[in-house]
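Colleague: Each chain is listed here by its residues.
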Amino acid sequence: GDSVTQKQGQVTLSEDDFLFINCTYSTTTYPTLFWYVQYPGQGPQLLLKVTTANNKGISRGFEATYDKGTTSFHLQKASVQESDSAVYFCALVDTGNTGKLIFGLGTTLQVQP
Amino acid sequence: DAGVTQTPRHEVAEKGQTIILKCEPVSGHNDLFWYRQTKIQGLELLSYFRSKSLMEDGGAFKDRFKAEMLNSSFSTLKIQPTEPKDSAVYLCASTQGAGNTLYFGAGTRLSVL
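From first to last, the protein sequence lines are chains A and B. The working numbering puts the first residue of the first sequence at 1, with every later residue one more than the last. The working numbering puts the first residue of the second sequence at 1, with every later residue one more than the last.
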């Protein structure tokens, strides 16, 4: 079945550091891919979304590129701020083309001032 | 438009009790999901409704978990009887359909003693 893998459980950085969060996926199609962010006490919210038509998503300084060759969708940001501290989830739309999303386990980002 | 509303925000139950969690999706959304979130398992799908019809009832959760969608603007998740291992955050989410943004509520944090 469809799956999403995030290898990093936690990432700790200092302000202005470069962020890279790993995400790989497994599916039989070319689904829409998402990054969601969850701040403490809130539900996850959409950070960015990429389809096969546009290949790259950019939002609030974050970017992710759809790479069909390596089946990856890594999240990057050039310079993180303390306010970026949150949990980041990679997700894909399941093969059945329902509204259902398959999520990775999440990566907790802690940015120290 | 109002987002997804979940009540209560926190629930404390004794083992063996019945609890009911409530959710109001975004107006006009056709798909509604219930997820359970824990640090170990991440986001696990409990139930999925499309236009009020139950499309998926997460296998491992069938025996004590029952989600209902009484009308297009209200859903409940009943856990009966509760067990300590049910302690988690329960998230409700809605979307217009496949490939669209999934909007989450803030969640209900359940503690079972």
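Please note: incorrect hints may appear among the correct ones.
Covered stretches of chain B (in silico footprint by chain A; criterion: 3 or more residues with CB under 8 angstroms from a CB of chain A, positions within the stretch not fixed) [unchecked claim]: (1) 44-51; (2) 75-86; (3) 105-112.
Which chain B residues face chain A? A few, computed with CB under 10 angstroms, are given here [what the hints assert, rightly or not]: (4) 7; (5) 18; (6) 20; (7) 33.
Don't read these hints as lab results, they were simulated from the structure. Every residue gets a Cβ at the ideal spot worked out from N, C-alpha and C, and that includes glycine.
Colleague: Verify the coverage statement for the region 44-51 of chain B against chain A, using a C-beta to C-beta distance below 8 angstroms and requiring 3 or more qualifying residues.
Modeller: holds (count 3)
Colleague: Let me know if the C-beta of residue 20/B comes in closer than 10 angstroms to any C-beta of chain A, holds or violated.
Modeller: Hint on residue 20/B: violated, closest Cβ of chain A at ~19 angstroms, above 10 angstroms.
Colleague: Under 10 angstroms, Cβ to Cβ, is where residue 18/B needs to be relative to chain A, so tell me if that hint holds or is violated.
Modeller: 24 angstroms, violated
Colleague: Report holds or violated for the interface hint on residue 33/B, using the least CB-CB distance to chain A and a cut-off of 10 angstroms.
Modeller: 7 angstroms, holds
Colleague: Closer than 8 angstroms, Cβ to Cβ, for at least three residues: run that test on the region 75-86 of chain B against chain A and report holds or violated.
Modeller: violated (count 0)
Colleague: Check whether three or more residues of the region 105-112 of chain B sit with their beta carbon closer than 8 angstroms to a beta carbon of chain A.
Modeller: With 3 residues closer than 8 angstroms to chain A, the region 105-112 of chain B meets the three-residue bar; holds.
Colleague: Hey, does the residue 7/B contact hint survive, CB to chain A under 10 angstroms?
Modeller: Cβ of residue 7/B sits 13 angstroms from chain A, so the hint is violated.
In terms of the numbered hints stated before, the structure departs from hints 2, 4, 5 and 6, listed from lowest to highest.
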